Amino acid sequence: MNMSSVPALVLLLLGGSGVAVADWIYVSNEKDDTISVIDTKSNEVVNTIDVGERPRGVTLSKDNKLLFICASDSDTVQVMDVATNKILFELPSGEDPEQFALHPNNKHLYIANEDDAIATVVDIESRTVIAQIDVGVEPEGMAVSHNGKWAIVTSETSNMAHWIDTERNEIVANTLVDQRPRDAEFNADDTELWVSSEIGGTVSIVDAETQLIKKVLNFEIPGISASRIQPVGMELTSDGKLAFIALGPANHVAVVDRSNYEVIEYILVGRRVWHLALTPDESRLYTSNGVSGDVTMVDVAKLKPVKTIKVGRFPWGLAVLPESAIPQ
Amino acid sequence: MLRFCVAVMILLSQSVYAKDTLTIPILYIEEEISRPPVLSRLVVWPEDEGVQGAQLGVDDNNTTGKFLNQEYQLQTLIVPEGDSIDAQFVEALAGSQGLVVANVSTDTLLRLSALPEAQDVLFFNALQSADELRSAACRSNVLHTMASRSMLSDALMQFYNFRKWRDVFLIEGTHEGDNAYAQALRRSAKKFGIKIRHDKKWLVNADIRRTAAQEIPAFTQARKYDALVVADEQRDFAPYLLYNTWLPRPMGGSAGLKPEVWSPVVEQWGAVQLQTRFNKLASRGMSGVDYANWAAVRSIGEAVTRTNSSDATVIRDYLLSDNFELAGFKGAALSYRAWNGQLRQPITLVHPEAVVATAPLAGFLHQTNELDTLGLDQSETQCKEF
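Chains as they are written, first to last, in the numbering used here: chain P, 9 to 336; chain S, 4 to 389.
Honestly, the hints are just simulated from the structure, not real lab data. Every value quoted in this text rests on a predicted model; they were computed, and no experiment measured them. There is no bait here: all hints are sound.
Under 7 Å between C-beta atoms, here's a sample of chain P residues computed to sit facing chain S:
#, residue
1, E122
2, D123
3, G144
4, V145
5, E146
6, T165
7, Q187
8, S235
Quick reminder that beta carbons are idealized off the backbone N, C-alpha and C, glycines included.
Build the full structure now, drawing on both the sequences and the hints.
Below is the structure:
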């Protein structure tokens, strides 16, 4: 294909929503020890960066200057300078960090240490561990509420979402959910916590006030056995209208209408879809597809997959750098 | 411990209520067994096989239990070979709540589960794969976390079908269990459209380590077969068959491609985490027997957490209900078959350094649950106790 025709084609496919934004998506490749950088204008990989061993969770600092990378097998969180792609320093993370979440204060990183049943809280400025919190077996998902009040860690084998009070860094509540909870996400006003259960095949929506489950979502795709429907990563739109849920080996992303909690669409993406990321304008959704080693770009207005982008082996986490923050 | 419990009680809030500490003793019973001598010195059975899996299950339950004010304890009763376990078992039952993880012979399991003292006891069979325990000889107070031979043989024959290995040479060993395994393989072959073209019983009792290259080709001489399958549960001669067969064909069963409940090579579906925890605890790899013990204890933990009861009858009812499911690092939720108490689970097909496939394989369909393409289905079992 003629290279110059690619943006034109994308625009054509995107139709009305096709504002030619040029954000960057960082994608961690778990089995390649690299990060792929996708330019959302061309939807091509524009750079591949070598990082530590088994990179999984990735997230940007609130000022978009630093990229934090969970290098699980290096037992560290690497901090990369977005301007130079150089690793500036490493944070003490505890053993086997898998996922993390950054507090809105831009200072405290909450890290799940999968092998040790511990959550570690690291102060980024002083680069020290300020708390370690005992959690359930195999902590996995991490979320911090937008108001900074709660840090949530899900433990996969204890089947719990633990509610950590971020002022005291102590667990103050636990919510039992279905088997193997993976991802946790707050809605924009922090009234709801969404927790996906990979083996249970469900998503629990928890009232943040009472920590009680108020709704459980189920999924059904004709022709795909129920046991392959394994909810993992989630993204909620900031307007409160839609939720996207990656269904793992079912190779689809479920789209939920949040006004009535009904699934309105299943979007076919690559194989074993893990995590999701919305672009800042929420016009596009990117999915990391672990087994097929690629990323699918989905048009949010049309709820259709538009393009598949080859990345490294076992793409896992995604982080979006807005166009305004891209280094010149 | 007391200080800790108090702290936990304060920490817990509305969502998960904590009352008094619920103590859940789990009785682990084992008869030590001696195995027949085998040829290879690399074939070894760890002495702590089983009990370490149960211990890891208890540790996992307690990590969760500290948020719920539950405390699990493992009580062990291990008797030397030849000693009768019955009297000691009845004595140990008195101090338990009737939750028993059994690593005993089929005969002992049937005897103990029929004792008047054991009628309200819930047994988990974590060792024996005999199909009759899931069929005519089933007991309503016995659940099975170990896979049956039929589940293992069905998994293997699904793979043979998938690979289109349609004509098969079967070799049956002479030790206890080999005939039952061979029977299961024959049944599975029929179920999945595989023809057993050659069916031979292993008779050579000589040490074949140095003569395998001469003996095995002659023993396996036949005009046509796509693959071999061998039933030699003690792995006495099976390791010497590989690469020495008359036709150069793949082999499965007790050598080559093995169907297993678990193996140290399993790493998909988050299994590395379980493997790492087990290695730390036991300083060795996790076997199928270890896994079956872990799954039994985790089943109890899950039932206690969801029912808030440690009563064996309540736990049994919950485990056999549609509400129970257990994440077992195998990519599908584990549950119990309501018709014979067998734990539904994927079977992994492995060689010593990698997973080859996991059954049920894609495309083998079932009207209710694809895991029920493995082992005795509801229409096949003669179990009437459930």
